[in-house]
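J.: Sequence:
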Amino acid sequence: MRSGGAQFASAAGCTEDAIRKHGRWCGDRLMERYLTTVTLQPIRALSGFGVAGGDYWIPRSQIEPPSQLAELIFPWVDTKHSEVQKRAEGGGEADCAALQFLDMLKFLRTVLLQDSAVLQKLHPSLPLWNRAPFNTATFTNFAAKLNQELSSAVCPFDVAVSQVIPALGNALGDVRSELSVVKEADESRLNVARSAVADALAALAAVSSQLSTTTSTPRSLLLNTISSSPTAAASFSSLLVGAPSSGSPAAADSPALSSLSSSTDSPTTSGTSFLAPTLPSALPAATAAAAAAASALGTPASYQLPDLTTVKTLWKEWTEGGEGRAALSEMDAAKDCRLRTSSKVKQQVYRWRKVVSFVKEREEGGDSVEDTVVHLVHLLKQRKGGLRLLAEELAAADKRTKWAQLLADKSSSSSISGTTTTS
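Mind the numbering: the sequence shown is residues 1 to 423 in full-length UniProt numbering, read in order.
Worth double-checking, as some hints may not be accurate.
[Claimed, not checked] Calculated pairs, DSS-like style, for lysine-lysine (alpha carbon to alpha carbon, straight line, at most 25 Å):
{"id": "1", "residue 1": "LYS360", "residue 2": "LYS312"}
{"id": "2", "residue 1": "LYS346", "residue 2": "LYS312"}
{"id": "3", "residue 1": "LYS402", "residue 2": "LYS312"}
{"id": "4", "residue 1": "LYS145", "residue 2": "LYS183"}
{"id": "5", "residue 1": "LYS410", "residue 2": "LYS344"}
{"id": "6", "residue 1": "LYS384", "residue 2": "LYS360"}
{"id": "7", "residue 1": "LYS360", "residue 2": "LYS335"}
{"id": "8", "residue 1": "LYS21", "residue 2": "LYS86"}
{"id": "9", "residue 1": "LYS384", "residue 2": "LYS402"}
{"id": "10", "residue 1": "LYS145", "residue 2": "LYS121"}
{"id": "11", "residue 1": "LYS381", "residue 2": "LYS402"}
{"id": "12", "residue 1": "LYS312", "residue 2": "LYS344"}
{"id": "13", "residue 1": "LYS183", "residue 2": "LYS335"}
{"id": "14", "residue 1": "LYS312", "residue 2": "LYS399"}
{"id": "15", "residue 1": "LYS312", "residue 2": "LYS335"}
{"id": "16", "residue 1": "LYS335", "residue 2": "LYS316"}
{"id": "17", "residue 1": "LYS106", "residue 2": "LYS121"}
{"id": "18", "residue 1": "LYS360", "residue 2": "LYS316"}
{"id": "19", "residue 1": "LYS384", "residue 2": "LYS354"}
{"id": "20", "residue 1": "LYS384", "residue 2": "LYS312"}
{"id": "21", "residue 1": "LYS316", "residue 2": "LYS410"}
{"id": "22", "residue 1": "LYS360", "residue 2": "LYS346"}
{"id": "23", "residue 1": "LYS354", "residue 2": "LYS312"}
{"id": "24", "residue 1": "LYS399", "residue 2": "LYS354"}
{"id": "25", "residue 1": "LYS344", "residue 2": "LYS316"}
{"id": "26", "residue 1": "LYS399", "residue 2": "LYS410"}
{"id": "27", "residue 1": "LYS354", "residue 2": "LYS335"}
{"id": "28", "residue 1": "LYS399", "residue 2": "LYS384"}
{"id": "29", "residue 1": "LYS381", "residue 2": "LYS360"}
{"id": "30", "residue 1": "LYS354", "residue 2": "LYS344"}
{"id": "31", "residue 1": "LYS346", "residue 2": "LYS410"}
{"id": "32", "residue 1": "LYS402", "residue 2": "LYS354"}
{"id": "33", "residue 1": "LYS335", "residue 2": "LYS346"}
{"id": "34", "residue 1": "LYS316", "residue 2": "LYS384"}
{"id": "35", "residue 1": "LYS316", "residue 2": "LYS354"}
{"id": "36", "residue 1": "LYS360", "residue 2": "LYS399"}
{"id": "37", "residue 1": "LYS344", "residue 2": "LYS384"}
For the record, the hints were derived by calculation from the structure and aren't laboratory data.
Using the sequences and the hints, build the whole thing.
T.: Shown next, in the form of C-alpha coordinates:
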(Lines of atoms letter the chains of each structure in order from A and count residues from 1; the text may use other names and numbers.)
(Lines give C-alpha, C1' and ligand atoms only; values in the text may rest on other atoms or scores of the structure.)
Protein backbone atom coordinates (compact mmCIF):
# COMPACT_ATOMS: atom_id res chain seq x y z
CA MET A 1 0.00 0.00 0.00
CA ARG A 2 2.46 2.60 -1.16
CA SER A 3 2.11 5.17 -3.93
CA GLY A 4 0.53 2.91 -6.57
CA GLY A 5 -1.96 1.38 -4.18
CA ALA A 6 -2.89 4.75 -2.74
CA GLN A 7 -3.45 6.20 -6.22
CA PHE A 8 -5.57 3.21 -7.25
CA ALA A 9 -7.67 3.40 -4.06
CA SER A 10 -8.18 7.14 -4.51
CA ALA A 11 -9.26 6.66 -8.14
CA ALA A 12 -11.73 3.97 -7.02
CA GLY A 13 -13.45 6.44 -4.72
CA CYS A 14 -11.90 5.74 -1.32
CA THR A 15 -11.84 8.64 1.07
CA GLU A 16 -8.59 10.27 2.07
CA ASP A 17 -9.17 9.30 5.68
CA ALA A 18 -9.62 5.62 4.73
CA ILE A 19 -6.42 5.66 2.65
CA ARG A 20 -4.46 7.23 5.53
CA LYS A 21 -5.73 4.65 7.99
CA HIS A 22 -5.05 1.75 5.64
CA GLY A 23 -1.48 2.86 4.94
CA ARG A 24 -0.89 3.80 8.59
CA TRP A 25 -0.02 7.33 7.55
CA CYS A 26 -1.36 8.83 10.76
CA GLY A 27 0.52 8.73 14.04
CA ASP A 28 -2.15 9.33 16.62
CA ARG A 29 -2.61 6.96 19.54
CA LEU A 30 -6.11 5.99 18.46
CA MET A 31 -4.72 4.31 15.35
CA GLU A 32 -1.66 2.91 17.11
CA ARG A 33 -3.46 1.26 20.03
CA TYR A 34 -7.14 0.77 19.21
CA LEU A 35 -7.99 0.99 15.50
CA THR A 36 -5.44 -1.63 14.56
CA THR A 37 -7.51 -3.38 11.87
CA VAL A 38 -7.42 -2.55 8.18
CA THR A 39 -10.07 -0.33 6.59
CA LEU A 40 -12.54 -1.95 4.22
CA GLN A 41 -12.75 0.67 1.48
CA PRO A 42 -9.15 0.30 0.18
CA ILE A 43 -9.33 -3.49 0.54
CA ARG A 44 -12.43 -3.62 -1.65
CA ALA A 45 -10.96 -1.22 -4.21
CA LEU A 46 -7.63 -3.06 -4.48
CA SER A 47 -9.52 -6.37 -4.82
CA GLY A 48 -11.50 -5.07 -7.78
CA PHE A 49 -14.84 -4.67 -6.01
CA GLY A 50 -16.95 -1.60 -5.45
CA VAL A 51 -16.01 0.67 -2.57
CA ALA A 52 -19.55 0.61 -1.15
CA GLY A 53 -19.60 -3.19 -0.96
CA GLY A 54 -22.55 -5.41 -1.79
CA ASP A 55 -23.41 -8.95 -2.87
CA TYR A 56 -21.36 -10.63 -5.58
CA TRP A 57 -21.82 -13.96 -7.30
CA ILE A 58 -18.91 -15.82 -8.85
CA PRO A 59 -20.23 -18.72 -10.95
CA ARG A 60 -16.95 -20.66 -10.95
CA SER A 61 -17.14 -21.05 -7.18
CA GLN A 62 -20.02 -23.51 -7.62
CA ILE A 63 -17.72 -26.43 -8.42
CA GLU A 64 -14.96 -27.47 -6.03
CA PRO A 65 -11.80 -29.01 -7.52
CA PRO A 66 -11.08 -32.68 -6.73
CA SER A 67 -9.03 -33.26 -3.59
CA GLN A 68 -6.25 -35.08 -5.51
CA LEU A 69 -5.92 -32.02 -7.76
CA ALA A 70 -5.97 -29.52 -4.88
CA GLU A 71 -3.29 -31.48 -3.00
CA LEU A 72 -0.84 -30.89 -5.87
CA ILE A 73 -0.68 -27.23 -4.80
CA PHE A 74 0.89 -26.67 -1.37
CA PRO A 75 1.10 -30.42 -0.77
CA TRP A 76 2.52 -29.92 2.72
CA VAL A 77 -0.48 -27.93 4.01
CA ASP A 78 -2.56 -30.92 5.10
CA THR A 79 0.38 -32.51 6.92
CA LYS A 80 1.24 -29.32 8.78
CA HIS A 81 -2.41 -28.74 9.68
CA SER A 82 -2.62 -32.20 11.27
CA GLU A 83 0.62 -31.67 13.18
CA VAL A 84 -0.52 -28.38 14.71
CA GLN A 85 -3.87 -29.88 15.71
CA LYS A 86 -2.27 -32.97 17.30
CA ARG A 87 0.16 -30.81 19.24
CA ALA A 88 -2.70 -28.85 20.77
CA GLU A 89 -4.68 -32.01 21.52
CA GLY A 90 -1.66 -33.58 23.24
CA GLY A 91 -1.38 -30.73 25.73
CA GLY A 92 1.09 -28.65 23.79
CA GLU A 93 0.83 -25.09 22.60
CA ALA A 94 -2.38 -24.24 20.73
CA ASP A 95 -1.35 -22.12 17.76
CA CYS A 96 -4.61 -20.68 16.41
CA ALA A 97 -2.81 -18.29 14.08
CA ALA A 98 -1.00 -21.19 12.38
CA LEU A 99 -4.26 -23.08 11.87
CA GLN A 100 -5.92 -19.99 10.42
CA PHE A 101 -2.99 -19.43 8.06
CA LEU A 102 -3.06 -23.03 6.83
CA ASP A 103 -6.84 -22.83 6.29
CA MET A 104 -6.26 -19.70 4.22
CA LEU A 105 -3.74 -21.56 2.04
CA LYS A 106 -6.30 -24.32 1.46
CA PHE A 107 -8.84 -21.73 0.37
CA LEU A 108 -6.33 -19.97 -1.90
CA ARG A 109 -5.38 -23.15 -3.78
CA THR A 110 -9.06 -23.83 -4.45
CA VAL A 111 -9.50 -20.30 -5.80
CA LEU A 112 -6.33 -20.64 -7.88
CA LEU A 113 -7.59 -23.80 -9.59
CA GLN A 114 -11.04 -22.31 -10.25
CA ASP A 115 -9.59 -19.10 -11.70
CA SER A 116 -7.05 -21.02 -13.77
CA ALA A 117 -9.78 -23.08 -15.43
CA VAL A 118 -11.36 -19.84 -16.70
CA LEU A 119 -8.10 -18.05 -17.53
CA GLN A 120 -6.76 -21.03 -19.54
CA LYS A 121 -9.71 -20.70 -21.89
CA LEU A 122 -9.14 -16.95 -22.26
CA HIS A 123 -5.33 -17.12 -22.56
CA PRO A 124 -4.39 -20.61 -23.80
CA SER A 125 -0.84 -19.64 -24.85
CA LEU A 126 0.47 -18.78 -21.39
CA PRO A 127 3.55 -20.84 -20.40
CA LEU A 128 1.98 -21.51 -17.02
CA TRP A 129 -0.36 -24.13 -18.49
CA ASN A 130 2.63 -26.31 -19.41
CA ARG A 131 3.52 -26.84 -15.77
CA ALA A 132 2.01 -29.09 -13.09
CA PRO A 133 -0.71 -29.33 -12.02
CA PHE A 134 -2.21 -27.44 -15.00
CA ASN A 135 -0.88 -29.90 -17.57
CA THR A 136 -2.45 -32.95 -15.90
CA ALA A 137 -5.52 -34.85 -17.09
CA THR A 138 -7.23 -34.21 -13.76
CA PHE A 139 -7.04 -30.45 -14.25
CA THR A 140 -8.16 -30.77 -17.89
CA ASN A 141 -11.27 -32.71 -16.84
CA PHE A 142 -11.99 -30.24 -14.04
CA ALA A 143 -11.61 -27.24 -16.38
CA ALA A 144 -13.92 -28.79 -18.98
CA LYS A 145 -16.57 -29.57 -16.37
CA LEU A 146 -16.31 -26.08 -14.88
CA ASN A 147 -16.60 -24.29 -18.25
CA GLN A 148 -19.59 -26.42 -19.18
CA GLU A 149 -21.26 -25.52 -15.91
CA LEU A 150 -20.54 -21.84 -16.44
CA SER A 151 -22.27 -21.86 -19.82
CA SER A 152 -25.56 -22.97 -18.24
CA ALA A 153 -25.27 -21.26 -14.85
CA VAL A 154 -28.12 -19.01 -13.80
CA CYS A 155 -27.51 -16.08 -11.50
CA PRO A 156 -29.27 -16.50 -8.13
CA PHE A 157 -30.48 -12.92 -8.38
CA ASP A 158 -32.26 -13.75 -11.65
CA VAL A 159 -33.81 -16.80 -10.02
CA ALA A 160 -34.96 -14.71 -7.08
CA VAL A 161 -36.44 -12.08 -9.39
CA SER A 162 -38.27 -14.74 -11.42
CA GLN A 163 -39.77 -16.06 -8.19
CA VAL A 164 -40.60 -12.67 -6.76
CA ILE A 165 -42.38 -11.28 -9.83
CA PRO A 166 -45.25 -13.85 -9.85
CA ALA A 167 -45.70 -13.47 -6.09
CA LEU A 168 -45.69 -9.71 -6.48
CA GLY A 169 -48.22 -9.95 -9.30
CA ASN A 170 -50.54 -12.08 -7.16
CA ALA A 171 -50.20 -9.64 -4.27
CA LEU A 172 -50.98 -6.69 -6.52
CA GLY A 173 -54.01 -8.56 -7.86
CA ASP A 174 -55.28 -9.08 -4.33
CA VAL A 175 -54.72 -5.42 -3.53
CA ARG A 176 -56.55 -4.41 -6.71
CA SER A 177 -59.55 -6.57 -5.83
CA GLU A 178 -59.64 -5.20 -2.29
CA LEU A 179 -59.46 -1.65 -3.61
CA SER A 180 -62.35 -2.33 -5.97
CA VAL A 181 -64.45 -3.64 -3.08
CA VAL A 182 -63.60 -0.57 -1.01
CA LYS A 183 -64.41 1.69 -3.96
CA GLU A 184 -67.80 0.06 -4.45
CA ALA A 185 -68.56 0.41 -0.74
CA ASP A 186 -67.58 4.09 -0.84
CA GLU A 187 -69.75 4.70 -3.89
CA SER A 188 -72.70 3.00 -2.22
CA ARG A 189 -72.17 5.05 0.92
CA LEU A 190 -71.89 8.22 -1.14
CA ASN A 191 -75.16 7.44 -2.93
CA VAL A 192 -76.88 6.95 0.42
CA ALA A 193 -75.44 10.25 1.62
CA ARG A 194 -76.62 12.05 -1.51
CA SER A 195 -80.11 10.63 -1.07
CA ALA A 196 -80.15 11.70 2.58
CA VAL A 197 -78.98 15.21 1.68
CA ALA A 198 -81.68 15.45 -1.00
CA ASP A 199 -84.33 14.42 1.54
CA ALA A 200 -83.00 16.99 4.00
CA LEU A 201 -83.10 19.76 1.40
CA ALA A 202 -86.64 18.85 0.41
CA ALA A 203 -87.76 18.91 4.04
CA LEU A 204 -86.03 22.24 4.64
CA ALA A 205 -87.72 23.65 1.55
CA ALA A 206 -91.09 22.63 2.97
CA VAL A 207 -90.23 24.32 6.27
CA SER A 208 -89.20 27.47 4.44
CA SER A 209 -92.46 27.48 2.50
CA GLN A 210 -94.53 27.16 5.66
CA LEU A 211 -92.53 29.85 7.45
CA SER A 212 -93.00 32.27 4.57
CA THR A 213 -96.81 31.91 4.69
CA THR A 214 -97.24 32.32 8.45
CA THR A 215 -98.13 35.75 9.94
CA SER A 216 -96.98 35.02 13.47
CA THR A 217 -94.29 37.18 14.97
CA PRO A 218 -91.07 35.65 16.33
CA ARG A 219 -92.27 36.53 19.81
CA SER A 220 -95.51 34.56 19.54
CA LEU A 221 -93.63 31.69 17.86
CA LEU A 222 -91.22 31.61 20.81
CA LEU A 223 -94.11 31.67 23.28
CA ASN A 224 -95.78 28.75 21.53
CA THR A 225 -92.54 26.76 21.68
CA ILE A 226 -92.10 27.48 25.39
CA SER A 227 -95.73 26.68 26.21
CA SER A 228 -95.50 23.30 24.48
CA SER A 229 -92.59 22.19 26.70
CA PRO A 230 -92.76 22.46 30.52
CA THR A 231 -88.97 22.14 30.76
CA ALA A 232 -88.41 25.00 28.30
CA ALA A 233 -91.02 27.10 30.12
CA ALA A 234 -89.28 26.56 33.44
CA SER A 235 -85.89 27.45 31.96
CA PHE A 236 -87.25 30.62 30.33
CA SER A 237 -89.04 31.63 33.55
CA SER A 238 -85.85 31.20 35.57
CA LEU A 239 -84.04 33.48 33.15
CA LEU A 240 -86.68 36.21 33.62
CA VAL A 241 -87.19 36.13 37.42
CA GLY A 242 -83.85 34.66 38.48
CA ALA A 243 -85.44 31.50 39.93
CA PRO A 244 -83.87 28.03 39.42
CA SER A 245 -85.29 26.10 36.51
CA SER A 246 -87.34 22.98 37.19
CA GLY A 247 -89.85 20.91 35.33
CA SER A 248 -92.67 21.50 37.85
CA PRO A 249 -95.96 23.14 36.84
CA ALA A 250 -95.30 25.90 39.34
CA ALA A 251 -92.35 27.03 37.31
CA ALA A 252 -94.38 26.90 34.14
CA ASP A 253 -97.07 29.10 35.71
CA SER A 254 -94.66 31.78 36.90
CA PRO A 255 -95.72 35.45 36.84
CA ALA A 256 -93.07 36.33 34.30
CA LEU A 257 -94.38 33.81 31.81
CA SER A 258 -97.96 34.88 32.49
CA SER A 259 -97.09 38.51 31.91
CA LEU A 260 -95.31 37.57 28.70
CA SER A 261 -98.38 35.61 27.57
CA SER A 262 -100.78 38.41 28.39
CA SER A 263 -98.66 41.02 26.74
CA THR A 264 -98.29 38.88 23.67
CA ASP A 265 -101.97 38.00 23.36
CA SER A 266 -103.21 41.53 24.15
CA PRO A 267 -104.47 43.68 21.28
CA THR A 268 -101.98 45.93 19.63
CA THR A 269 -102.46 49.58 18.86
CA SER A 270 -103.89 48.61 15.50
CA GLY A 271 -106.50 46.43 17.18
CA THR A 272 -105.06 43.19 15.80
CA SER A 273 -104.21 40.36 18.23
CA PHE A 274 -101.39 37.94 17.44
CA LEU A 275 -102.23 34.30 18.03
CA ALA A 276 -99.41 31.81 18.58
CA PRO A 277 -99.51 29.36 15.67
CA THR A 278 -98.18 25.83 15.79
CA LEU A 279 -94.70 25.12 14.57
CA PRO A 280 -94.37 24.04 10.93
CA SER A 281 -95.26 20.38 10.59
CA ALA A 282 -92.28 19.76 8.30
CA LEU A 283 -89.75 20.81 10.95
CA PRO A 284 -89.41 17.38 12.66
CA ALA A 285 -89.02 15.73 9.26
CA ALA A 286 -86.35 18.26 8.30
CA THR A 287 -84.48 17.66 11.54
CA ALA A 288 -84.59 13.89 11.08
CA ALA A 289 -83.49 14.17 7.45
CA ALA A 290 -80.58 16.45 8.39
CA ALA A 291 -79.49 14.01 11.09
CA ALA A 292 -79.68 11.13 8.62
CA ALA A 293 -77.61 13.10 6.13
CA ALA A 294 -74.96 13.87 8.73
CA SER A 295 -74.85 10.22 9.78
CA ALA A 296 -74.61 9.02 6.18
CA LEU A 297 -71.81 11.45 5.44
CA GLY A 298 -69.94 10.25 8.51
CA THR A 299 -69.79 13.73 10.04
CA PRO A 300 -68.66 13.48 13.67
CA ALA A 301 -70.32 16.82 14.56
CA SER A 302 -69.81 18.04 18.14
CA TYR A 303 -70.38 14.74 19.92
CA GLN A 304 -69.13 14.16 23.44
CA LEU A 305 -69.11 10.86 25.26
CA PRO A 306 -71.45 10.74 28.25
CA ASP A 307 -69.91 10.90 31.70
CA LEU A 308 -70.34 7.34 32.99
CA THR A 309 -69.00 6.34 36.39
CA THR A 310 -70.79 3.09 37.27
CA VAL A 311 -71.54 -0.18 35.57
CA LYS A 312 -75.26 0.53 35.89
CA THR A 313 -75.12 3.81 33.99
CA LEU A 314 -72.78 2.27 31.41
CA TRP A 315 -75.15 -0.63 30.73
CA LYS A 316 -78.12 1.71 30.37
CA GLU A 317 -76.22 4.04 28.02
CA TRP A 318 -74.86 1.10 26.02
CA THR A 319 -78.20 -0.64 25.52
CA GLU A 320 -80.73 2.21 25.58
CA GLY A 321 -78.91 5.52 25.29
CA GLY A 322 -80.09 8.60 27.12
CA GLU A 323 -80.96 12.28 26.83
CA GLY A 324 -81.67 11.99 23.12
CA ARG A 325 -78.49 10.04 22.40
CA ALA A 326 -78.52 6.81 20.46
CA ALA A 327 -77.48 3.62 22.23
CA LEU A 328 -73.72 3.16 22.25
CA SER A 329 -74.17 -0.42 21.07
CA GLU A 330 -75.87 0.77 17.88
CA MET A 331 -73.20 3.41 17.26
CA ASP A 332 -70.44 0.89 17.89
CA ALA A 333 -72.00 -1.72 15.61
CA ALA A 334 -72.42 0.87 12.85
CA LYS A 335 -68.80 2.02 13.33
CA ASP A 336 -70.04 5.54 13.90
CA CYS A 337 -67.26 8.03 13.22
CA ARG A 338 -68.25 9.98 16.33
CA LEU A 339 -66.76 7.17 18.41
CA ARG A 340 -63.45 7.53 16.55
CA THR A 341 -62.87 11.27 16.70
CA SER A 342 -59.70 10.90 18.80
CA SER A 343 -57.50 8.29 20.40
CA LYS A 344 -58.89 9.23 23.81
CA VAL A 345 -62.47 8.56 22.68
CA LYS A 346 -61.50 5.28 21.03
CA GLN A 347 -59.69 4.16 24.19
CA GLN A 348 -62.70 5.01 26.35
CA VAL A 349 -65.10 3.11 24.08
CA TYR A 350 -62.68 0.17 24.07
CA ARG A 351 -62.77 0.04 27.89
CA TRP A 352 -66.55 0.25 27.97
CA ARG A 353 -66.78 -2.52 25.38
CA LYS A 354 -64.67 -4.76 27.64
CA VAL A 355 -67.04 -4.25 30.58
CA VAL A 356 -70.18 -4.77 28.49
CA SER A 357 -68.81 -7.94 26.90
CA PHE A 358 -68.09 -9.30 30.37
CA VAL A 359 -71.66 -8.60 31.49
CA LYS A 360 -72.97 -10.33 28.35
CA GLU A 361 -70.76 -13.36 29.04
CA ARG A 362 -72.26 -13.63 32.50
CA GLU A 363 -75.74 -13.36 30.98
CA GLU A 364 -74.96 -16.19 28.56
CA GLY A 365 -73.74 -18.22 31.53
CA GLY A 366 -77.13 -17.97 33.22
CA ASP A 367 -76.71 -14.90 35.45
CA SER A 368 -79.19 -12.08 35.12
CA VAL A 369 -77.92 -8.74 33.91
CA GLU A 370 -79.40 -6.91 36.89
CA ASP A 371 -77.63 -9.15 39.43
CA THR A 372 -74.34 -8.93 37.56
CA VAL A 373 -74.51 -5.13 37.37
CA VAL A 374 -75.41 -4.81 41.06
CA HIS A 375 -72.63 -7.15 42.14
CA LEU A 376 -70.07 -5.35 39.98
CA VAL A 377 -71.08 -1.99 41.45
CA HIS A 378 -70.75 -3.42 44.97
CA LEU A 379 -67.36 -5.01 44.26
CA LEU A 380 -66.00 -1.82 42.72
CA LYS A 381 -67.10 0.13 45.79
CA GLN A 382 -65.17 -2.32 47.94
CA ARG A 383 -62.12 -1.97 45.70
CA LYS A 384 -62.58 1.83 45.60
CA GLY A 385 -62.21 1.70 41.84
CA GLY A 386 -64.16 2.65 38.78
CA LEU A 387 -64.87 1.51 35.25
CA ARG A 388 -61.27 2.05 34.16
CA LEU A 389 -59.94 -0.32 36.82
CA LEU A 390 -62.54 -2.93 35.88
CA ALA A 391 -61.81 -2.64 32.15
CA GLU A 392 -58.03 -2.89 32.61
CA GLU A 393 -58.34 -5.97 34.81
CA LEU A 394 -60.83 -7.62 32.47
CA ALA A 395 -58.28 -7.26 29.67
CA ALA A 396 -56.01 -9.74 31.49
CA ALA A 397 -57.17 -13.36 31.32
CA ASP A 398 -56.17 -14.28 34.89
CA LYS A 399 -57.83 -11.23 36.44
CA ARG A 400 -60.91 -11.73 34.27
CA THR A 401 -61.21 -15.23 35.75
CA LYS A 402 -60.92 -13.77 39.26
CA TRP A 403 -63.76 -11.33 38.56
CA ALA A 404 -65.90 -14.18 37.25
CA GLN A 405 -65.17 -16.16 40.43
CA LEU A 406 -66.05 -13.17 42.61
CA LEU A 407 -69.37 -12.78 40.80
CA ALA A 408 -70.06 -16.50 41.16
CA ASP A 409 -69.38 -16.27 44.90
CA LYS A 410 -71.64 -13.22 45.15
CA SER A 411 -74.43 -14.99 43.28
CA SER A 412 -74.19 -18.09 45.47
CA SER A 413 -74.19 -16.03 48.67
CA SER A 414 -77.17 -14.03 47.44
CA SER A 415 -79.11 -17.18 46.61
CA ILE A 416 -78.31 -18.67 50.03
CA SER A 417 -79.45 -15.52 51.85
CA GLY A 418 -82.60 -15.43 49.73
CA THR A 419 -83.37 -19.05 50.60
CA THR A 420 -82.85 -18.38 54.30
CA THR A 421 -85.15 -15.36 54.23
CA THR A 422 -87.85 -17.31 52.42
CA SER A 423 -87.68 -20.19 54.87
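J.: State for each hint whether it applies.
T.: Okay, the hints, checked on the actual structure:
no.: 1; hint: LYS360 - LYS312; in the structure: holds, 13 Å
no.: 2; hint: LYS346 - LYS312; in the structure: holds, 21 Å
no.: 3; hint: LYS402 - LYS312; in the structure: holds, 21 Å
no.: 4; hint: LYS145 - LYS183; in the structure: violated, 58 Å
no.: 5; hint: LYS410 - LYS344; in the structure: violated, 33 Å
no.: 6; hint: LYS384 - LYS360; in the structure: holds, 24 Å
no.: 7; hint: LYS360 - LYS335; in the structure: holds, 20 Å
no.: 8; hint: LYS21 - LYS86; in the structure: violated, 39 Å
no.: 9; hint: LYS384 - LYS402; in the structure: holds, 17 Å
no.: 10; hint: LYS145 - LYS121; in the structure: holds, 13 Å
no.: 11; hint: LYS381 - LYS402; in the structure: holds, 17 Å
no.: 12; hint: LYS312 - LYS344; in the structure: holds, 22 Å
no.: 13; hint: LYS183 - LYS335; in the structure: holds, 18 Å
no.: 14; hint: LYS312 - LYS399; in the structure: holds, 21 Å
no.: 15; hint: LYS312 - LYS335; in the structure: holds, 24 Å
no.: 16; hint: LYS335 - LYS316; in the structure: holds, 19 Å
no.: 17; hint: LYS106 - LYS121; in the structure: holds, 24 Å
no.: 18; hint: LYS360 - LYS316; in the structure: holds, 13 Å
no.: 19; hint: LYS384 - LYS354; in the structure: holds, 19 Å
no.: 20; hint: LYS384 - LYS312; in the structure: holds, 16 Å
no.: 21; hint: LYS316 - LYS410; in the structure: holds, 22 Å
no.: 22; hint: LYS360 - LYS346; in the structure: holds, 21 Å
no.: 23; hint: LYS354 - LYS312; in the structure: holds, 14 Å
no.: 24; hint: LYS399 - LYS354; in the structure: holds, 13 Å
no.: 25; hint: LYS344 - LYS316; in the structure: holds, 22 Å
no.: 26; hint: LYS399 - LYS410; in the structure: holds, 16 Å
no.: 27; hint: LYS354 - LYS335; in the structure: holds, 16 Å
no.: 28; hint: LYS399 - LYS384; in the structure: holds, 17 Å
no.: 29; hint: LYS381 - LYS360; in the structure: holds, 21 Å
no.: 30; hint: LYS354 - LYS344; in the structure: holds, 16 Å
no.: 31; hint: LYS346 - LYS410; in the structure: violated, 32 Å
no.: 32; hint: LYS402 - LYS354; in the structure: holds, 15 Å
no.: 33; hint: LYS335 - LYS346; in the structure: holds, 11 Å
no.: 34; hint: LYS316 - LYS384; in the structure: holds, 22 Å
no.: 35; hint: LYS316 - LYS354; in the structure: holds, 15 Å
no.: 36; hint: LYS360 - LYS399; in the structure: holds, 17 Å
no.: 37; hint: LYS344 - LYS384; in the structure: holds, 23 Å
Hints 4, 5, 8 and 31 from the earlier list are contradicted by this structure; the remaining hints agree with it.
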